[in-house]
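Asker: Sequence:
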Amino acid sequence: MRSVILLALLVVAQSLPARADNPVYVLTARDGRLTPATLDVPAGQRFKIVIKNAGRDAIEFESLSLKKEKALAPGAESFVVIAPLKPGNYDFFDEFHPDTAKGRIVAR
Numbered sequence: 001m002r003s004v005i006l007l008a009l010l011v012v013a014q015s016l017p018a019r020a021d022n023p024v025y026v027l028t029a030r031d032g033r034l035t036p037a038t039l040d041v042p043a044g045q046r047f048k049i050v051i052k053n054a055g056r057d058a059i060e061f062e063s064l065s066l067k068k069e070k071a072l073a074p075g076a077e078s079f080v081v082i083a084p085l086k087p088g089n090y091d092f093f094d095e096f097h098p099d100t101a102k103g104r105i106v107a108r
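Here the sequence shown stands for residues 1 to 108, where the numbers follow the numbering used here.
Derived by calculation from the structure, the hints in this document are not laboratory data.
Errors might be hidden in some of the hints.
Said to hold, decoys possible - Listed next, the in silico DSS-like pairs over lysine-lysine satisfying Cα-Cα at most 27 Å (straight line): (1) K48 with K70; (2) K48 with K86; (3) K70 with K52; (4) K102 with K48; (5) K68 with K48; (6) K102 with K86; (7) K86 with K67.
Keep in mind it's a predicted model, so treat the numbers as computed, not measured.
Make the full structure from the sequences, and use the hints.
Answerer: Quick look at the structure:
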């Protein structure tokens, strides 16, 4: 029975996509700005955005089109995983600094 369970786990593990293949992008928030302001990503591929708050104020990464949001205290770091996108532009912003902290994901 034990070998059957191990074999089943091995089959399932091999059928899952490797997470190491997914690109990772770093987005830094500081003083009401997001850097870089544009993230060029491959269309049709899952990816991760690591968000670093290097500023003195709290931030909230938000994308209405992607239905993602993440609040971070000063000095905090977190991430969001984005499902494969169709080619196009997807805006994001810092909800606490909406006039100055804007960016865009460009899927090609």
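Asker: Now, for every hint given, state plainly whether the structure supports it.
Answerer: Here is how each hint holds up against the structure:
1. For a cut-off of 27 Å, the pair hint linking K48 to K70 stands: about 13 Å separates their Cα positions.
2. Between K48 and K86 the alpha-carbon distance is near 16 Å, which keeps this suggested pair within the 27 Å criterion.
3. Annotation: proposed proximity of K70 to K52 holds, straight-line Cα distance about 11 Å (limit 27 Å).
4. Between the alpha carbons of K102 and K48 the distance comes to roughly 18 Å, so the proposed pair stays at or under 27 Å and holds.
5. For the given pair, K68 sits about 12 Å from K48 by alpha-carbon distance, which is consistent with the 27 Å threshold.
6. Distance hint between K102 and K86 is fulfilled; the C-alpha atoms sit about 21 Å from each other, no more than 27 Å.
7. With a C-alpha separation of about 15 Å, the suggested pairing of K86 with K67 holds against the 27 Å cut-off.
Hint check: no violations occur; every hint is consistent with the structure.
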